[in-house]
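Peer 1: Chain residues, written in single-letter form:
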Amino acid sequence: MSSGSGSRNTEPWGSFDDNLIQGGGSAVIDMENMDDTSGSSFEDMGEMHQRMKEEEEVAAEAAATEDDVADDGEFLGMKGLKGQLGRQVADEVWQAGKRQASKAFNLYANIDILRPYFDVEPVQVRNRLIESLIPVRMINFPQKIAGELYGPLMLVFTLVAILLHGMKTSGTVIREGTLMGTAIGTCFGYWLGVSAFIYFLAYLVNAQITMLQMLSLLGYGLFGPCIVLLVTYNIHFHFLFYGLWLLLGGLSTLRMVAALLSRTVGQTPRLLLCGTLGLLHMLFLLYLHFNYHTIIEGLLDSLEGHNMAPMQRVARDVPEVMLNATARNPGMLLSAY
Amino acid sequence: MAASEEASRPFAGLSDVSIAEDIPVEGDISVPVGPSRRDDEFSTLDEPVKDTIMRDLRAVGNKFIHVLYPKRSSALLRDWDLWGPLLLCVTLALLLQGGAADREDQGGPQFAEVFVIVWFGSIIITLNSKLLGGTISFFQSLCVLGYCIMPLTVAMVVCRIVLVISSGRVVFAVRLAVVTASFGWSTFASTAFLADSQPPNRKALVVYPVFLFYFVIAWMILTYSPQQ
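Just so you know, the sequences run in chain order A and B. Just so you know, we're using this note's numbering here: the first sequence kicks off at 1 and counts up by one. Just so you know, we're using this note's numbering here: the second sequence kicks off at 1 and counts up by one.
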């Protein structure tokens, strides 16, 4: 339904057609199908028939004025000719401009270049999700890393949704505005930024990994943190979080590290690459938990206590926060220190 | 001289030409009325404005009914339009406005934020479904996703009404139930329309981002609390 058709009909006197690459597949928005009446409503139909009528008129006028051009003198003929020719030229210029614009659009906004990375089955995605928690011990031979973007992309969006969900508190005022942008920015920034950074380091130490594989590896490595955050945002026990952080966060980090190790040669490069990745991944999970965990505590305190400014930047040190809420005179504060 | 005389009278040489009698001349001299009537049918420029608006409103209303009772029909896909999604998105954004405790700081999802989330979320889901090999076109998918926000908008209206009356744990439970029900309804309705356009073994891959999208909107609705 959305596949592009071939080239349009050209004017006999040679229009501005460049025969660029005619994409065989379909792009996102086929501007050639903007006139497609399988779509919208009466406006489109009316426009199409209006255009057809205009073209008929133009053709009829061209046929009619041909005799005038032949019979009348040169002056009159030029005026008649220029009016009709001008219209035709304007129309052709518009058509050519639209053709070139749609070609440029199809060339640059063609999502078909991403199509092979989304060629997965649900079973494959499920298997890869489970495997992302199982580190493979073989590090002497390059491990296979799936070059796929559907799973990582969905995992990043899931992480965003979990972060937003972690902010639910019943009946409390929540700063959803800045948090939403922050959540999306954090998750995507982490995925894209850390992938690029590790890829850059891998390029420096000559490790055998491509950008797509790195994106895919890190994306799937977010599965563990997703589960950890989903559980610990609902059950607020510090020890539970630390245990899960070590267990699931550690497993997913180990899997990524093992995959990278198998593709790097030399002690120092291995240490550099895998140490950086492990550190960043574990710290990210820690950051996600504590940043939002403290917000919840700060908000709950503001419910019972004075009007604290309900802003994200609550002090990280939990006992200090509780002290501030309950301390009634500066003496108690001073005595605590 | 004869030649110039003949040239000055264009039809001079034809005075003795007669129509041959063995070639019958037939025809209809009357001007055919057909083309102009055809023009009037498709040119909607001359009809009264009320007709134009009522026709579009009827089309939008028809699609709303299809969302309310989602069954496998192609009505939403055949005549797609983006009026309904625009209406719903603006309504939702307006209702979600003012959910902030502190007017000076940017609290609560602002109008632009809801707009951006709805439209960019729909675009991403559409891209995803196209990349997975879907046969649906870009605007058709936007149309379906936009129209299926309707149950959530209804839930938002209900939540606002309920919050005006009172607020507390019971009210929260009621709101949770309403929002969850409408979220499930939205997801079910959109998959009823979108699922047919996918290869059969990849339906789950397409449904999941739709689920996430409506989940985020449902979360925004649930955590809305009016200004104290």
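Hint data in this document are derived by calculation from the structure and do not stem from the laboratory. These numbers were taken from a predicted model, which means no experiment stands behind them. Heads up, a few of these hints could be off.
[As the list claims (entries may be wrong)] Distance condition first, Cα-Cα at most 25 Å in a straight line; then the derived SDA-like pairs of lysine to any residue:
| no. | chain 1 | residue 1 | chain 2 | residue 2 |
| --- | --- | --- | --- | --- |
| 1 | A | Lys103 | A | Val93 |
| 2 | A | Lys98 | B | Lys203 |
| 3 | B | Lys203 | A | Arg126 |
Peer 1: Does Val93 of chain A sit within 25 Å of Lys103 of chain A, going by the straight-line distance between their CA atoms?
Peer 2: holds (15 Å)
Peer 1: Holds or violated: Lys203 of chain B and Arg126 of chain A, Cα atoms, limit 25 Å.
Peer 2: Holds, at about 14 Å.
Peer 1: Is it true that the CA of Lys98 of chain A sits at most 25 Å from the CA of Lys203 of chain B?
Peer 2: With Cα atoms ~36 Å apart, Lys98 of chain A and Lys203 of chain B exceed 25 Å; violated.
The structure shown violates just one earlier hint, number 2.
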